[in-house]
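Just so you know, the sequences run in chain order A and B. Position 2 of the first sequence, counted from 1, bears residue number 2 in the working numbering, the numbering being contiguous throughout. Position 394 of the second sequence, counted from 1, bears residue number 394 in the working numbering, the numbering being contiguous throughout.
Some hints could be false.
Interface residues of chain A toward chain B, partial, derived using beta-carbon atoms under 8 angstroms [as the list claims (entries may be wrong)]:
no.	residue
1	Phe18
2	Asp21
3	Lys83
If you're looking for bench data, these hints aren't it; they were derived computationally from the structure. Glycine included, every Cβ here is placed at the ideal spot set by N, Cα and C.
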Amino acid sequence: MEPPNGSNTEAIVRIQRFNPDTDAKAHVQEFHVPRVQGTTLLDALHWIKHERDGSLTFRRSCRHAICGSCAMNVNGRNILVCKTPLEDQLDRKGRVTIRPLPYLPIIKDLVVDRSTFWKEYVRVKPWLVPPQTTPAKEFRLSPEEVAAVHNAETCIMCGACYSACQVVALNKAYIGPHALLKSFLRVLDPRDTIPGERLADVGTDEGVFRCHTIFNCIDACPKSLNPTQAIETLRKLAQKRAAFEAARVERQRTIADPIPVPAQSGSEGER
Amino acid sequence: MSNPETIVHDVIVVGAGLAGTWAALVCGRQGVADVGVISKVHPLRSHSGSAQGGIAAALGNVRPVEGTGPRGPLEPVPPDAEAADNWELHMFDTIKGSDWLGDQDAIEIMVKDAIAVVYEYEHMGCVFSRLVDGRIAQRRFGGHSAPRANYAADWTGHVLLHTIHEQALRHGVKFYSEWYALGLIIEEGICRGIVAMDVLTGELHTMRAKAVIFGTGGYGRAYEITSNAHANTGDGVAIAYDAGVPLMDMEFVQFHPTGLYRHGILMSEACRGEGGYLVNSKGERFMRQYAPDKMELAPRDLVSRSEQTEINQGRGIGPDGKGIYLDLRHLGREKILARLPQVRELAIDFVGVDPIDDLVPIQPTVHYSMGGIPTDKDGQVISDATGTPVVGLFAAGECACVSVHGANRLGTNSLLEASVFGRRAGEAVARMVKDGARLEPVSGDPAESHRNGLRQMLDGDGEESYEQIAVELKSTMTENCGIFRESRSLKKALQDVRLLQARFRSARVMDKSHRFNTDLLGALETKHLLTFSEVIVAGALAREECRGAHWRTDFPNRDDQKWLRHTLALKGAEGEGPQLSYKSVFIDWKRYPPQERKY
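If we strip away everything but chain A, and leave its shape as in the complex, we get (with noise of 0.2 angstroms):
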């Protein structure tokens, strides 16, 4: 049956609602909601919650694209709901269909559950494994070698690129997106001290070289990170380990040691 169409005073929301203790399947229910200048999608979920379906349910949290809860599939593509206006998202029918991020299972509506995510997360040990010894003050690193994992740092681990990817549909095994860009951000930076294990680690089958380099993570991702380059650049690096290693341990020999200044430096000595 053809959806109804909204108006120039109100939208049609359409939401994938789905309860595993008391639904054979899931089903879309319409909502008819105000088109107020300046409401986002969020805003729409809540003003639906609040006023026409309490039991309506979804994740959200800081409301400005920095806690990663809110990451939904809206008219066939992931994105935060809490930063998407919902004018922006209407059709020529008003109307905006909002479904819960694919390939994972259900809990309720619209939230998934994201084990298998969060646990590829860990398999890659995420966090960083620094020097036996510490200096007195910070590691010393360059700019430029804070800009290379720049893309990495500020991912949000909202689930949009694994949720989008083909090979994580297909294939459960796979580690992901997100938790190869964040093995990314460990491999690069100068002050970890297993570089190679890590290597090994993702330079496998279910790692970097499962990836089919479709792009869909670079497409889903809300922060415009590109994932698929960080795996790109892990596949080179596991090809020649050793080296990479080696070049580790020479830089960490020096790591507690200022750079060298070239005499040329910005206005305020940093990028």
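Chain A is fixed; fit chain B onto it per the hints.
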């Protein structure tokens, strides 16, 4: 709801932001093997991750270029040059920022530990921004006399939170993600555990431990416009109060000067630390009149009050005149992209303005809770003005009140406080467990009363939604207990809160299911808002002076004779308000006696 198993740990931590996770990590790596952390959101969703601008520590890595004055451009301090900053300066700035209500012994610990804590974050993998020679980069922040905000672009909290969570996993800490604490088990003055709900199943568990640590965060959600996450509903504060623990200095609620207009979403103080201006509808940099020396980098209470004064006198911006402009254009594209990338995106996404080209509409936004659960310097919760401990109960971070922030917190001191005192609480608890603390017995089934209470909420079929009650609470708190307060407005707020408390008893929960019932959680959170809001208002009504963030228009001066003291609020008998008493402030009268506070 059935009677599920009792869970036992050596240590239970409630809340997985910086404070709670630090405590858990320290316990873990000091050999307390059995640590459980419960969090109502996944640990990496905690609100610590929203912090943007930096964490304070007097590392002395940068200084103003010689001859350019205190607001001049910054340069790395040469290796052989004298230190440009030290913990004593940080200490004085924090005391002055607190309007002398901060306890100076606790502040001294914080500013000294700051340096070690920041280096420890660095050693654990935190990706700070860097100077060209590899040292941690620093920027200016409001109320600090030296550039000592150590930062990672403008997502400092995010990288600190991820770093500490990763290390806690490395040390075997067990996390209960999406578990919600309902109550403390305190018998004969000894804390024996908590009652908590597994949100997924809706089942209630008794969780027993030798020590419980609260790191449950702040309470900004009691107001309409706030930078706080939806999760910041002061649960731990309300639970402690209901269990008979007093709350301290709750009337001190910080308004941050730069929340996005109508959203309240934070535009980091780093915007002004990097040189941004505040401008009224006439295009004037109005801070000249309020803080001629520090200008936009005066402390938050003063800047927010100045903005509100401009707004009240008709020089605000926006359709309702309740906004102010933040001007970053002169910083230039390169600096904004390098130092403030997140806030730029937030401005584009939420108000449709690119700060590179245009003025950003902002307004004061409720941001931080200076008050909370009173503790000593090791996070040990105390139950009265003499410091009697609630054995087995600890608290740290925004839910706690040590007190290092007094009447007003300085920017970048919150990530610091959560880290320093979370770490110290962890050390104290690890010592306690290793010294042979016992698992105290629990009588009866502590979950039973909570189970009955929840059943009543689920079975009730009241007319009114709890959300309507929350909306009205936020409205009266904003209107009557905001930046400016007076006796009449506070009395109105108190009356409103009590009426709303009464109405809440017949509020309706629409979702009747047990599985992942966020409607039930919303109702419980609203109950918590109502509980502690009464304490905020009662404390504000009693405190007849202006100090820091507490500004009484009917008592326009600071009154050290009467009010240089902390408020303690103990839950009264049914139908009565909180019982207020007072606790002296720790002041080093020789070194840091109270002074007039000017910027």
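Structure-based check of each hint:
1. Phe18: violated (11 angstroms)
2. Asp21: Constraint on aspartate 21 of chain A satisfied, holds at 5 angstroms.
3. Lys83: Given a least distance of 5 angstroms, the restraint on lysine 83 of chain A holds.
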